[in-house]
Amino acid sequence: MSDPALQVEDLSKTFDVGKTLLGGARGHVRAVRPMSFTVERGETMGIVGESGCGKSTLARMLVGLAPPSTGRIEIAGRAQDRADPAAFGRLIQYVFQDPLSSLNPRKTIRQIMEAPLRLLHGMNRAACDARIAEIFDAVNLRPEFLSRYPHEFSGGQAQRIGIARALAASPEIIVLDEPVSALDVSVQAQVLNLLAQLKDEFGLTYLFISHDLAVVEAVSTRIMVLYFGAVVEIGPADQVFARPRHPYTRLLAESAPVVGRPLSAPEQKGTELPDPLNPPPGCAFAARCPRASETCRKLDPPLSDMGHGQYAACHHPL
Amino acid sequence: MKLFLSLLFRNRLAGFGAVVLGIVVLAVLATPFLPLPDPNATDTAQKFLRPGTAGHLLGTDHLGRDLLSRLLWGTRLSLAVGVAAAVMAALGGSAVGLIAGYVGGRTDNIIMRGVDMLMAFPYILLALAIVAALGPGLLNALIAVAVVNIPFFARNIRGIVVGLAHREFVEAARLSGMSHIRIMLSEILPNVVPVIVIAMSTTVGWMILETAGLSFLGLGSQPPTADLGSMLGEARAALITAPHTALVPGAMIFLIVMSINLLGDGVRDALDPRLRSGALSRPMAAALVRRNGPVPEASDDLLALQDLHTEFHAGKRVLRAVSGVSLAVKPGECLGVIGESGSGKSVTALSVMGLVASPPGVITGGAARFKGQDMIGADFETLRRLRGDRIAYIFQDPLATLHPLYKVGRQMAEAIQVHHQIGNAEARARALDLFRQVRIPNPESRLDSYPHELSGGMRQRVGIAMALANDPDVIIADEPTTALDVTVQAQILSLLDDLRRERGLAIVFITHDFGVVAQLCDRVAVMYAGRIVEEGPTMAVLEAPAHPYTRRLIACVPELGGGRRELAAIPGLPPAVDALPPGCAFAPRCDKAQEACRAGDIALEGASPRRVRCIFPEEAIA
Amino acid sequence: MGRYILRRLISAIPVLLGITVIVFAIMSLIPGDPATAILGAYATPENVARINRDLGLDQPAIQRYFIWLGNMLTGEFGRSYSLNRPVLDEILDRFGATLILAGTAFVLCAVLGVLAGVISASRQYGWADKAITFAVIIGISIPSFFLGMLMILIFAVRLKWLPVSGMYAIYGGGGLGDLLTHLIMPAFALAVVATGVVAWLSRGAMLEVLRQDYIRTARAKGVPERRVLMGHALRAAMVSIIPVLGLQAGFVLSGAVYIETVFQWPGIGRMLVDAILKRDLLLVQGGVVFVAAIYVLFNIAVDVAQSMLDPRIKT
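Protein chains in written order, with this note's numbering: chain A, 118 to 435; chain B, 71 to 692; chain C, 18 to 332.
Careful: at least some of the hints might be erroneous.
[To be verified] Straight-line distance between alpha carbons at most 30 Å, and here's what the computed BS3-like set of lysine-lysine pairs gives: (1) 295(C) x 117(B); (2) 177(C) x 117(B); (3) 224(A) x 316(A); (4) 400(B) x 224(A); (5) 386(B) x 177(C); (6) 400(B) x 441(B).
Derived by calculation from the structure, the hints in this document are not laboratory data. These numbers were taken from a predicted model, which means no experiment stands behind them.
Between the sequences and the hints, there should be enough to build the whole structure, so can you do that?
Structure, rendered in structure tokens:
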């Protein structure tokens, strides 16, 4: 059991954009640039980044919903060579951002819960019922909910159902894609605490994607920061925002509104991302970076060891 | 189903259509058993008898055939053919649309190109070509009409399926191990069936018309058999001498098609949940005002909300979104209004200038005074003159709130020109100046951009520039940074802060984020279930919250730098505002609640500016 | 803009080819010997031999298609045996009449329909909205050929205000005035259904747009209500109304077939019906391809209008 829960090598995704008359692509957008990382068993890997950084595309590749353009994904020591969610399903599951739209409005909760049990584990009716009861107990849902339809639930309850469905597949890893962004603060904490408790109970590994730095820091063991489709920094959760090495990570940390910190715009250069159809050579952050030099504009910095388990892709780390 | 029927019959026109259609269907079903003459028995001695003749209730046609008998038999045929064509088209088209929409990619491309080509024909040309090739006849006309309508169904259903195929629940089903065919049949199809039914019920009338039309042209049913169309066609020759032979079948077609259309509309309304809630009502220019009780006296604040009540009336439910909110701001002051979704914070903001969507919104009490003048009772022209001139808004999602078809420069200029009589060049110069003030890079060229060409942060800067256009006294900002990334949010917030200090602007800032309030606002009011539960200077409220809700809500928010930890949570959910408990709305979730909390109304107590609505506050407030 | 038009024109080529394939495929559904079917009553041995040679009917389907296509592209639509003249001449003669009728009806339905829809939406649930809704229900339910007959009975036979049928008076006809008096009834009868549909969908589009956030923004800016309706809302609604107008043009063209029959209007629709009844298949085939091609070009014009209105469409 020494295999890591998840090992990713050279994973990337390129989308074709536009179409010429002959059906060829006009251009390519690299949503995820080749990246490699490892997630150990029992870890919670936080993934943060702003819109357009590729975090959702990464998640979809990891669960088999989108075929990668290059690279390989290894889950619990087993290589996943084909993008087929059914094959991935027993090992890795996904919890969606919008809890209500991830539940089919015309199915009862029981039907939704039974699908993974029957199809992924071939359970019969009695086994299904027993397992569902067990899971519902774990996520604090009442058994009478099973005969209801999704629209009868609040956002927080629906997200519990989404989590329960992911658990039903008994996966090794759960990818949580902004699982609390659609929820109110008071409900958000309920769900986050439930997730923490389930992780211990079922021995799970989490990939927790969010744009909310404080939430990510509160739940993660390690954090990975994405910018423009690439990993710019990765390291232990208590260090990444407290002692960022990449200027972008620092910008993020300083931008988050914090009670008691005076208002200051940490950046006065533009906030525009580079044009994805025509990416600049070198570091994608260079145009916004106060430390950028000639090298940064020419050479894409590799992810390098900064000590204490922290890695950053920067020519001039802080 | 019961719900469906009751919804259907609530629509009186649809009920009327159902009744008429029901009678017609019963009549044609009973036709073989009625004592009617043979519809095809000719008797030229009796030709063109007028309606009401003994033995021939509706008279006879040019061959002396009984019109009533022919009408009923013809209706029978027309209905059968029309419905058969509709079913064929719906089944064929839906299957094509389902496959194209779900499989996507190249399959979709090829199928839809074919459909496009079929739709490139004016529909009857294709039908004519098919009939021309197969030869005139009712069956061929039926085939022609069905084939011609397949593309319509295919395109409609495909559109819906494409939307569904990318929905999250379909991806979830794939992760549950479902095969594609199973997903199509058990996940997608049930969601498409209502659309198919709607499309069928709204097109069946058309199909009956079209088959009747082909028969009218002599290309459908062949003599002596008659459907309604061919009866009308035959009557054309004698239109002037014996108009009743044309009026009888013509009126019948009209009656059938109208009743089907009415019924179809009713079916659509009953099945479409969006229409069910009456959401297709258009909001009026200003919110409805129906104030009960006295209007509060004027105060000397710049902007003052006094005991404001706003309700939403949805059918029999009355949602009390805002119940008795009082707020005030002075020049240069920033007031934060914080609350979770459903707390009534946005409705409060929109009520000020009568911008609550109405229907269903109604302002039922209180006043909103600008320099002492009440705007809620004011006539529309007074309100309009103040809107955007003295009191301006910044909204949440800048893509949805800017008009997509006008250049942003033009939208800026308009904001100025509706209040000041200045020329286009001058307005443009002023817009340019404002763009500079909100630090839009390359302002000159940005003026000629459309909203979709700008990034989220830029669009919100345009929104702010537009709010500043007439140098207003008050800006009401409704979650202006919620849709933005953190790095952009930080810039927008500091921009707003600079502007209010430079210009002495009063800002009412609606948000759900304590961090934002702490950084920007002088004072804050916390809302829960439509009421203010606590207010005071920002730091006083944040550091020593007096209301249990405020205290616990603050504890729920993780703060950066806090490390990995268990978060505090508030059990339960906010109450629905159409079923508020008596007493404190937070009592059911509060660990300190006692009998007195649930008994009756609790007042907002304390001395301005620090007040709390709690009998057992966490902190004593001065 | 020029590039966009060019691109749309180029992309119309496969559609036009597709149309010819569909028509060709439908025509090969004809049961029995095609030469005999095409010639019908005119199937003398010489004619059969000639048409077999002209159309390559003895060759495989694919080759036959290309021969046929080649003929079409060079303007050789074949010969109408029932009329004993070239198909293209007959089509061109008839097309003008259809264009006048359908064009007038289209303008009527577009102007009246959009106007009614806007009025209806801006006074939702008011008496004007109810009256328009009622008229729409009647309008879209009445068969145009029946409406035409009713109009003849009322306005021509009873009231004698307008001529019963035809395009010009038989004796001493001609001139614009004569044309107009003959045009009024068929144009209205043809426009009624389409007007109803346009009005209904315009109303829906306006109601949808009026609920959008940018309308609230306009009101928050203090824009006068008339300008909110006629400027901001109508302009945005036109984005969804214009494609409807494109579709309605097809319905108007289709309805022309009935109306031309009812009013004895010498247009292409009546020509097609007569040709089908006389089994003059080359005339049917030519007419269908010709009108479909015109309709494709018209739809390109609609797309171009749409792209001028909506900057989000890439030009």
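Checked hints:
no. : hint            : in the structure
1   : 295(C) x 117(B) : holds, 29 Å
2   : 177(C) x 117(B) : holds, 27 Å
3   : 224(A) x 316(A) : holds, 28 Å
4   : 400(B) x 224(A) : violated, 53 Å
5   : 386(B) x 177(C) : violated, 56 Å
6   : 400(B) x 441(B) : holds, 10 Å
The structure shown violates the earlier hints numbered 4 and 5.
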